[in-house]
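*Asks:* Put chain S on the given structure of chain Y with help from the hints.
Number of protein chains: 2
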Amino acid sequence: MNGDTINIALVGCGTVGGGVAHVLLAHADRVARRAGRPLALRRVVVNDPAKPRDPLIPREIISTDIEAAIRDPNVHIVVELVGGLGVAKKVVLDSLAAGKHVVTANKALLADAGAEVFEAARKAERTVCFEAAVAGGVPVIRALGESLAANQVTAIQAILNGTSNFILTAMAEHGMSYSRALAEAQRLGYAEADPTLDVDGSDAAHKLAILAQISFGVAAKPHEIARQGIDTIDAMDIRFANELGYTIKLLAEAWTGGHTHSTNGAKLSRGGAASAAHANGGPPTVALHVAPVLLRHTDLLAQVRGAYNAVLVYGDIVGETLYQGPGAGQMPTASSVVADLIDLGVGRAQRTFAAAKLWSREGRGFTVEPPERVRSRFYLRLQVVDKPGVLADITRILADEEISISSLVQHEAEEDGAGGPVPLVIVTHYAATGKFRKALERINALSTTAAPAVFFSMGD
Amino acid sequence: MNGDTINIALVGCGTVGGGVAHVLLAHADRVARRAGRPLALRRVVVNDPAKPRDPLIPREIISTDIEAAIRDPNVHIVVELVGGLGVAKKVVLDSLAAGKHVVTANKALLADAGAEVFEAARKAERTVCFEAAVAGGVPVIRALGESLAANQVTAIQAILNGTSNFILTAMAEHGMSYSRALAEAQRLGYAEADPTLDVDGSDAAHKLAILAQISFGVAAKPHEIARQGIDTIDAMDIRFANELGYTIKLLAEAWTGGHTHSTNGAKLSRGGAASAAHANGGPPTVALHVAPVLLRHTDLLAQVRGAYNAVLVYGDIVGETLYQGPGAGQMPTASSVVADLIDLGVGRAQRTFAAAKLWSREGRGFTVEPPERVRSRFYLRLQVVDKPGVLADITRILADEEISISSLVQHEAEEDGAGGPVPLVIVTHYAATGKFRKALERINALSTTAAPAVFFSMGD
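Top to bottom, those sequences are chains Y and S. Using this note's numbering, read the first sequence as starting at 1 and increasing by one per residue. Using this note's numbering, read the second sequence as starting at 1 and increasing by one per residue.
So that you can see chain Y by itself, here it is in the shape it has in the complex (with noise of 0.2 Å):
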């Protein structure tokens, strides 16, 4: 506590804010002594002020007024947790403007305008934080920009999305449908009113699109990412897959033509198309997704259950290395905006973020692989009528876009169904994407396919 207190804005108090509220507050001294100084909360600015909020928190440094925070020249840094892009890239860009560091947990406006809000800081001399905006207590965005600091990441799976994982993992393990598991989560406050965000890949879309700018130096935006949920999940996919020794979870991953490393066996080598461009004299690509995948039971990613997130992190160097803990909630996310706050109070994330340079000009030579043109395997689950034919039709129209077989497996009709629609499952070997999506507009334009193809990626 050698040095002078450092006073701290912070906008939005709802769940999280409340968290780094109560830390700061009722952990005051402890927080003093890891930063050097004293970090001390001056102002709290909330919609209503009425709300009960935290005891510890004095009425007087409640508020309504985000100007006057910002504009308050004894205010160092300013806590944005308001969330989305309108006023909080407002409470960004002018807490920058006026001269404060901004810690933030949003992640929407660093994937949609991470260039901007950099550029701001740069230009104003400030440093942004932001831990909290990826994987909530997990300190992944630590974990690339400082400990891998040797390495280029070749790759990353992750789960980043708490609330897909639980239902996943419920319908898994309990057998459930995708409706009931939502519901479920939904229930223990896993899952929000409308879980579209979550379970659409929208919310691991978005921490995807900062992790790559970190590893990769690409500024995808996360519309631009390829992006498919897990509501087509039917309960007869975990079943087949786990018959076919598989586990089927939502991943972000990135991977570069140049990853090679095996794990637990499998290898994460689909960059196939990025690897032949790069090897024709091109610039490096990275393919980036988020997709359910079906990954083999002993995989590390396959046994993270329940809420959790993880992040697996292939670096040239070190190999793979694994982060894992909860993913929001609360305390863990205030952990992760508190460490930022220490880190400014000892002086190490200013230096972090002018080295890193992050969203800036000073790329690391990656473009993101078309998603057409990135390579997978292919798990394929056709409703068909059971009559003579089906097959070969469906097998043609693979072969015409040289897709091959790995395995196939149709189960008898069930004795009630004679005659009606069978679930036919079909692991292609690797094929670009884009292919595999015209085969899939023919296979669902046969009059035999009962229904549209349900289709997911082979982790390995």
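Hints listed in this document are in silico derivations from the structure and should not be mistaken for laboratory results. Hints are supplied without guarantee of correctness; some may be wrong.
What the hints assert, rightly or not - Partner residues aside, some chain Y positions facing chain S, computed with beta carbon under 8 Å: (1) P139; (2) G315; (3) L322; (4) P371.
All C-beta atoms, glycine included, are put in the ideal place defined by N, C-alpha and C.
*Replies:* Relative to chain Y, chain S alone:
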């Protein structure tokens, strides 16, 4: 690359040193970008300059002269990779006195002489970095010291010895005997010709001493840490544990009285005595040990296979986070050493070192719980003569020491061994280690006990 070049002397160029040299030379541009300035390898000090080395290392920077490297005014950082306590300690202390920062992977030196080394660094106003000293490529030093800085750690459970974990995995998955698994580990290069320090828990105790300093401010000498190796584990213990639903892992553990966090349904709450002392107004205590521990199959650490390391940290704010990866090996360890060099280049490490006040008089109020007072459940396997009254004697002794039995399994004697010794497995409820040891002595003295009792801790 805005800053001045930082010059590095590497003292020791064996496996890890060779890896560090390779990364600095083969990836000089990358390292300079990340560090914000070039990191130049200026001197490599070795025992035998004639030995073949990485062709990237210029012949003219290789010498045997340690003193010249340390005294060279152009050298800013000395990387000590000699290992051990003799020469290495002198290299580190002399380098600090000569005004150099030090990066080391030397767990024994820090565990044994951390206070002396850090005092010397503070006196010289220089920094000591040691990410590679614990868990090789897994960035657990940064996790505890920076990422989790908002937390008081309440418990650590860690697999810190890859050799032991490889052996235990081979025993569990392939039904190997201890000696055959050890031979296999030696054949594959995971175990040395003399594996004593790995399999008797010494190596893990060194690493635990370092983690305990960072997390609890205690300066436990490795020989003061209660320690039990894996060499008493028989293939039948692995089988019995498996029947009970457990996997045996060699764990380095630290837990405080305040720790009540539950993981995957299991509860690490063995700090009973510590808790009681604290509640009675005494100072908070932390229990430390290295021991084979029975973990439920679903526990995260039970699933860590082969030579991997993993560290599960419980923080009072974040809950549990897991860090996993390669705990040894040339390039993983080099990855951590170079990360430290980059941190010195960025200027982060100096801030961290000054703020953390490790091995200083500024403790955190914790004292180490005397081993005999540490409470645990125990797995106890006896070889008893199959005759009346045996069980009565044993259960009487346990009752005398206030140890109650949670479960008991006695298998029938095998056909050809009728009348001979049979295994008897007892799992106890919580008991103080001191009382348990006393009971063991009395049980071993029984005429019906055919071999010394084998016992391990239960993880829940």
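*Asks:* Each of the hints needs a verdict: does it hold here or not?
*Replies:* Quick rundown of the hints versus the structure:
1. A cut of 8 Å between beta carbons decides the hint on P139 (chain Y): the least distance to chain S is about 3 Å, and the hint holds.
2. For G315 (chain Y), the interface hint holds, since its Cβ comes within 8 Å of a Cβ in chain S; the closest pair sits about 7 Å apart.
3. Hint status for L322 (chain Y): holds, given a least beta-carbon distance of 4 Å to chain S, under 8 Å.
4. Hint on P371 (chain Y) is violated. Least Cβ distance to chain S is approximately 28 Å, over the 8 Å limit.
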